[in-house]
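**Q** Protein chains in written order, with my numbering: chain H, 6 to 212; chain B, 889 to 1156.
To be clear, the hints were calculated from the coordinates, so they are not data collected in a lab.
The reader is advised that the hints may include incorrect statements.
Derived Cβ-Cβ restraints for the label pairs, each shown as a range [claimed, not checked]:
#, chain 1, residue 1, chain 2, residue 2, range
1, H, 105, B, 1130, 33 to 39 Å
2, H, 146, B, 962, 31 to 37 Å
3, H, 146, B, 1043, 24 to 30 Å
A few chain H residues that face chain B, going by a derived Cβ cut-off under 8 Å, partial list only [claimed, not checked]:
#, residue
4, 152
5, 154
6, 186
7, 192
8, 195
The beta carbon of each residue, even a glycine, is placed where N, CA and C say it ideally should be.
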Amino acid sequence: MKLYDYELSADCYKVRLLLGILELPYQRIELDAYPDREQHGAQFRAIDPLGRLPVLDDDGVRLCDWAAILVYLAGRYDPSGCWCPKADAARLGRLIEWLSFAQRLAATAGAARLHDTIFEPVDIDACRSGAHELLRLLDEHLWFAEQEDRPWLCGAEPTIADLACFPDVMLSEEGGISRLPYPAIRRWTDRIKRVANFSAMTGVFPL
Amino acid sequence: MRRWFPVAGADDVVPRHVVHTQLLGQELAVWRDDADELNAWENRCPHRGVRLSIGTNTGTELRCRYHGWRFASGSGRCSFIPSHPTQKPASTLRARAYPVCVRGGHVWVTLEPSRTEAEGTEALGTFAVGTAAVGTAEAGGTEAKVPPLPLPAADGLCLRSVYVRAPAARIAAELLRGYRLHEDIEVPVLQSDEFALEARPQGAAADTLRGAWLQLWLQPMSTTETTIHGTMHAAAETPIPAAERLRWLRHHNLELTILRDAAERGGR
């Protein structure tokens, strides 16, 4: 299994988290996304013409989208079925909702971070205020989830939805987005850090 | 001024966790040790000034993320410096610890004076408890008059705390327009003081709600940000059934978030 990867990418980190948790051995092929933009270079064009990262290549199955990769890895390599509960339609629906939510986080909190760290040209005020709107909803959801004793995004067990939302939340301060107003989010990030085989990345401290 | 403010729901300060909050512009690291003792410290390591809230709650100490200095629960005293493993840290090395207590399901903190400064005075915790109680507390050997304490009447249903990007005064003004205590029952809100309010139903509404009423407190995080904390009380003879707990929590959360949005817009 090969992972085309960039250490500082929140999207790549989502996949590394799951690979670590499922204890899957893989070959890491690092690209220099910044400043060299290697994922948009001629060599990478054959792998993904859109230049997306991460890309997973598992014995011929090639996926160029982090959500697709998480669903694939959980479906194929998690015998417990916990990380992507596809047998429970309602729960699966909610899980997909949270994957979309993670995309929104990437487009706001994630974009603000890229603005502040690698000068991405975005509307920084819109990104930050959009991120705070999402974090408010997330904090509220998690507080009530705790009250109901189902403290993860989709119930009593963590799923790939938690892993998908975690990186852009945890790295938000690099984009000037304080998490001080969100105490329930803070408890949830602690819970994720306690998952067996959790891995950190630059800017994310282990517990 | 010795004034107590709520900074978190007591159940939100979970074991082996550090709550990051702010009171009157002062960042706090609030944590519970394994013996259930609470700590509210200035969010700053006395060594290099790094935020203690990114450190680790070991159950007995808070360990700074930067150089691993450890600070003991209770006193805040530095107990271990990894780069000088055989030396006992000087007693002057300590995290600044503020007086902290739990009342009505919330964690309360006062910024003056710090627990560190008042160490040795056993009377530190002897403030009065009650809606309109006035008590005294000794601190640093001097007797300080305690202002009317907005502490809760008793334990009740602790609501979700709601953060608002608006000053406390604007939130109080919004609240004074009335509060929907239950579905379509709007009740008048009385302001006990700058940071404490009550919503009590009168007449027929009081009967419908079987004596339930609400206390709200404002945590001024800064001059522009506030967190609203609340407790819903029920009459002793009609406690809130466990099955209705969540419904009440959701109702108050909705009401407070509507109020939040209005306060942030600048008024309804």
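**Q** Each hint should be assessed against the structure and marked as holding or not.
**A** Verification of the hints:
As the Cβ distance of residue 105 of chain H to residue 1130 of chain B is approximately 34 Å, the hint placing it in 33 to 39 Å holds. The supplied range of 31 to 37 Å is met by residue 146 of chain H and residue 962 of chain B, whose beta-carbon atoms lie about 35 Å from each other. Between residue 146 of chain H and residue 1043 of chain B the C-beta distance comes to about 26 Å, which sits within the given range of 24 to 30 Å. A hinted interface residue such as residue 152 of chain H counts as satisfied when its beta carbon comes closer than 8 Å to some beta carbon of chain B; here the least separation is about 6 Å, so the hint holds.
This hint is violated: residue 154 of chain H has a C-beta 11 Å from the nearest C-beta of chain B, more than the 8 Å allowed. With a cut of 8 Å, the hint placing residue 186 of chain H at the interface with chain B holds, because the nearest CB-to-CB distance is about 4 Å. Hint status for residue 192 of chain H relative to chain B: holds, with the closest Cβ pair at about 6 Å, below 8 Å. A cut of 8 Å between beta carbons decides the hint on residue 195 of chain H: the least distance to chain B is about 6 Å, and the hint holds.
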